[in-house]
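First residue of the sequence shown? That's 53 in my numbering, and the numbers climb one at a time after it.
Keep in mind the hints are simulated off the structure, nothing from the lab. None of the values given here were measured: they were computed from a predicted structure. Just so it is clear, CB atoms sit at the ideal spot from N, CA and C, and this is done for glycine as well. Keep in mind that the hints are not guaranteed to be accurate.
[Unchecked claim] Straight line, CA to CA, 27 Å or less: simulated DSS-like cross-link-like pairs of lysine-lysine:
1) Lys354 <-> Lys365
2) Lys226 <-> Lys262
3) Lys126 <-> Lys95
4) Lys154 <-> Lys179
[To be verified] What follows is a set of in silico ranges between Cβ atoms, one per label pair, in the way DEER data are often shown:
5) Glu357 <-> Leu118: 44 to 50 Å
6) Glu380 <-> Gly233: 33 to 39 Å
7) Glu388 <-> Glu96: 36 to 42 Å
8) His393 <-> Asn199: 39 to 45 Å
9) Asp377 <-> Ile264: 21 to 27 Å
10) Val129 <-> Asn234: 26 to 32 Å
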Amino acid sequence: MNILQIVNVSSVYPGNLMESIWRLEEEIKKSGVCVYLFPRETKECDWIKDMQKNSERIYFKSGSKLKDFRMIYKICVIHDIDIIHLHFWDIPDCLAIKWVLKMRRNTKSIIHHHNSYHVSEQQLNEKIKMWILDRNYHIACGRAVYNELLNAGFAKNSIFHIDNGVDFSRLEHKQQIKWNGNNILIFSGIGCVRKGIDIACLAMKELIEKGISINLVIVSGYNQDEDEEYIRKILQTDDIPDWIRFMPPRNDIATYYDAATAFLSASRSEGFCLAVLEATYCGCQTIQSRIPQHRLDIPECKTFESENVGELKKVILELLHEDKDEAERIHKLQREYVIRHYGVEHWVHGIMGVYREISGERKK
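Let the hints inform the model, and build the full structure from the sequences given.
Given below as structure tokens:
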């Protein structure tokens, strides 16, 4: 079984997604080959250079839609690709895959939805998008995303629900750093609005005004300047308050979880929040907004109504005053749960099951 992984990420660090795909590759190689296609920006990343030392089956997009269109087809021919697995889809890739499927009748394709699926506001745009995505199988990263795809009109027999998994072994690598006082950790990710940075800032501001000593530590994923501008606007101030600290992304993310008092995911929308699972494993208390995409199944998890600043304040206060022994009991319970339900091996097993199921339709 030969698989082409089109991975549209260009992060400085490989993160959990690439760690998971590498684990998946180990299974793929038992009966075939795993080929990669990345954005051209990824070419300079150190982790890609390490990959290239061990594999010649790595390609990079050119930046030209027409050239990349031809490249995807050429890769499928050269490596006799059985399944194209697309992570973080875009229209040009999907059009190229649509053409490949027409030219290579035995090739199958999967679009992996790592984020929420949003129906286009204009009906015509949605119809065009559905036509482009037609003939693909779809993997939803969580139950909420699965339901979104179903409600959007995708055929039920074309959708698979496989929860994301965490490579917990990567969280064993960390450094010892110390932040003074109580520190709430949050990730701005791909957007402050979506991640609820405003909700976090407003709740923290009100707590500080009441005399609570606490800091908000923001890991800014893409553009810290834009994050700072957004926060100044939300707090109506010319300067970033001294209780807000920005930290750069790092691959050994457990370093931050280990230093924080709690991890906060105040998101308005998610695909599947891996960070909650990572923080739980590392012994960092977590607080989640109550949205379907969050890991609300974790026993005794702390939650607040999405966008409710008052309720978030209350949960943070309760967390800060929690008895140490009680906190330890909850941590042990939650850690055992996430290991049992969300280890990367479950994800690999699920993906391989999808590969076998859809390739079984091929005429040998």
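Going through the hints against the structure:
no.	hint	in the structure
1	Lys354 <-> Lys365	holds (12 Å)
2	Lys226 <-> Lys262	violated (34 Å)
3	Lys126 <-> Lys95	holds (20 Å)
4	Lys154 <-> Lys179	holds (20 Å)
5	Glu357 <-> Leu118: 44 to 50 Å	holds (48 Å)
6	Glu380 <-> Gly233: 33 to 39 Å	violated (21 Å)
7	Glu388 <-> Glu96: 36 to 42 Å	holds (40 Å)
8	His393 <-> Asn199: 39 to 45 Å	violated (19 Å)
9	Asp377 <-> Ile264: 21 to 27 Å	holds (23 Å)
10	Val129 <-> Asn234: 26 to 32 Å	violated (58 Å)
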